[in-house]
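J.: Residues per chain are reported as follows:
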Amino acid sequence: MSDGRSAPAVAEAAALQTRGPDAVPVELSINGVTHELRIEPRVSLLDALRERLDLTGTKKGCDQGTCGACTVWVDGRRVLACLTLAMVCEGHEVTTIEGLASGEELHPMQRAFLDHDAFQCGYCTAGQIMSAVALLEEGHASSDAEIAEWMSGNICRCAAYPNIRAAVREVRDGQRGGASAAG
Amino acid sequence: MQPVSYARATDVTSAIATVSADPESAFLAGGTTEVDLLRQDVVRPKRLVDINALPLTEIEDLPGGGLRIGALARMSDVAEAPGVVERFPVISQALVLGASAQLRHMASMGGNLLQRVRCSYFRDIASPCNKRVPGTGCSALEGINRGHAVLGTSDHCIATHPSDLAVALMALDAVVHTDGPSGHRAIGIDDFFLLPGDTPHIEHPLQHGELVVSIEVPPTPVARRSLYLKVRDRESYEFALASVAVALRVEGGRVGEVRLALGGVATKPWRARQAERELLGQPAERASFARAAAAEMAAAVPRGMNAFKVELAQRAMVRALEQATRMGGAA
Numbered sequence: 001m002s003d004g005r006s007a008p009a010v011a012e013a014a015a016l017q018t019r020g021p022d023a024v025p026v027e028l029s030i031n032g033v034t035h036e037l038r039i040e041p042r043v044s045l046l047d048a049l050r051e052r053l054d055l056t057g058t059k060k061g062c063d064q065g066t067c068g069a070c071t072v073w074v075d076g077r078r079v080l081a082c083l084t085l086a087m088v089c090e091g092h093e094v095t096t097i098e099g100l101a102s103g104e105e106l107h108p109m110q111r112a113f114l115d116h117d118a119f120q121c122g123y124c125t126a127g128q129i130m131s132a133v134a135l136l137e138e139g140h141a142s143s144d145a146e147i148a149e150w151m152s153g154n155i156c157r158c159a160a161y162p163n164i165r166a167a168v169r170e171v172r173d174g175q176r177g178g179a180s181a182a183g
Numbered sequence: 001m002q003p004v005s006y007a008r009a010t011d012v013t014s015a016i017a018t019v020s021a022d023p024e025s026a027f028l029a030g031g032t033t034e035v036d037l038l039r040q041d042v043v044r045p046k047r048l049v050d051i052n053a054l055p056l057t058e059i060e061d062l063p064g065g066g067l068r069i070g071a072l073a074r075m076s077d078v079a080e081a082p083g084v085v086e087r088f089p090v091i092s093q094a095l096v097l098g099a100s101a102q103l104r105h106m107a108s109m110g111g112n113l114l115q116r117v118r119c120s121y122f123r124d125i126a127s128p129c130n131k132r133v134p135g136t137g138c139s140a141l142e143g144i145n146r147g148h149a150v151l152g153t154s155d156h157c158i159a160t161h162p163s164d165l166a167v168a169l170m171a172l173d174a175v176v177h178t179d180g181p182s183g184h185r186a187i188g189i190d191d192f193f194l195l196p197g198d199t200p201h202i203e204h205p206l207q208h209g210e211l212v213v214s215i216e217v218p219p220t221p222v223a224r225r226s227l228y229l230k231v232r233d234r235e236s237y238e239f240a241l242a243s244v245a246v247a248l249r250v251e252g253g254r255v256g257e258v259r260l261a262l263g264g265v266a267t268k269p270w271r272a273r274q275a276e277r278e279l280l281g282q283p284a285e286r287a288s289f290a291r292a293a294a295a296e297m298a299a300a301v302p303r304g305m306n307a308f309k310v311e312l313a314q315r316a317m318v319r320a321l322e323q324a325t326r327m328g329g330a331a
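As given, the protein sequences belong to chains D and G, one line each in that order.
Position one of the first sequence corresponds to residue 1 (the working numbering), numbered consecutively onward.
Position one of the second sequence corresponds to residue 1 (the working numbering), numbered consecutively onward.
Don't take each hint at face value.
Ranges of calculated distance between the beta carbons of each label pair, as one might list FRET restraints [what the hints assert, rightly or not]:
1) V133/G to S102/D: 46 to 56 Å
2) D191/G to G122/D: 42 to 52 Å
3) V43/G to N31/D: 31 to 41 Å
For the record, the hints were derived by calculation from the structure and aren't laboratory data.
Note that beta-carbon positions come from the ideal geometry of N, C-alpha and C, so glycine has one too.
Chain D on its own, in the form it takes in the complex (with noise of 0.2 Å):
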């Protein structure tokens, strides 16, 4: 093939930097706010998040993939910190539910998650709120169905459902209205 690039380009190509296997330096931007730490490359976004710089509002749950209680934004787009090295976050900006309220002013989804009740034991509830805001902003809100499947990534062992589609249909109506709910 014509496009590809020739075996000789490959062997001539010099070996990438690398890093470890011992603690390194690691700059993250969280919630707007650079952190630097030492951290080994098997470190995970999520353990570097609540051992590091306790950051503890993101749940660890099975922590392979499975339950999205530790749903977070990369980019503004919702991931599992779980299944995230933390090093692959450099140059990337995370966001956790810690930096999702204003101050002391809560996002609408934590407020419609309160007024609609939208769980109990409350361990998957920051990976819910944070999953429900990005939904609404990827648009896949329109029925209750609709946000049962785009929610699923998100497990609620207390079955919360019904009140978090609740509280998912306020913030998605008053969003409508022309309330602002930017996270």
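Fit chain G to the supplied structure of chain D, relying on the hints for placement.
T.: Then chain G, alone, in the frame of chain D:
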């Protein structure tokens, strides 16, 4: 999870050079399978080469009606690309029905094709598994095998290939483009996935350090009338028990052109060629669909708990063909 070092690549050539020069290095893309398997010590590279910054994210509508998808385009972006939704709905639907919204933002297209099997014995390092440690035996043959394959199996491995995307691409004769230490290659999708045979640890014809750079889908007018049907234990965020990718053109009440592929029931994304042959020229109705589906599954080898898949796959094929027929009628 054992210690691992990290390097970030900014150009394809350096990424390939770094991995191909070191047997203990591995590429890291979205990480949705790899980080999980690292943590369970199922895969044990000493160095990860982060390829997320490589310029391989473009989704291009090609002149003539084809499609080229960069290997690092994310599942969520490809699923919503207008050219994909309009001209290849089966790809869009297969992507949206896979994983969760969070995982679809993370997972890359190349990584999706290279994802490892969900067999619980493969993922448990205490269990014998020919795929993880060749020669140790297959625990699933006599074990918990409800989710396992009935087509393309061997006495060495019956793990189901987990990708939905790959099933859609198989129906569309996609081509996987790679760059590697020996230069560029174009690999037909059917050749990209290997049957387990007696070497289930070899899943793809890739050299160490060879990198998937793009996926090309040839112009396929029939794909405008295509769909993906996925049957599973729960309605969302679950792997398929049986799935069907179908594209169908009906002419004068008969099957004029058909593409059919199966997921959830085979050791690789499964092109249902036997069923396609049976369908061509036949009346586009339930009886012909059922005959073709039965012909495809005649070669199935059930193993205890997964015997239900032989019937389930046939019903799924019939339903998908009926849905596609109704779409064709509305065209």
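J.: Next, verify each hint and record whether it holds.
T.: Cross-check of the supplied hints:
1. V133/G to S102/D: 46 to 56 Å: holds (54 Å)
2. D191/G to G122/D: 42 to 52 Å: holds (51 Å)
3. V43/G to N31/D: 31 to 41 Å: holds (33 Å)
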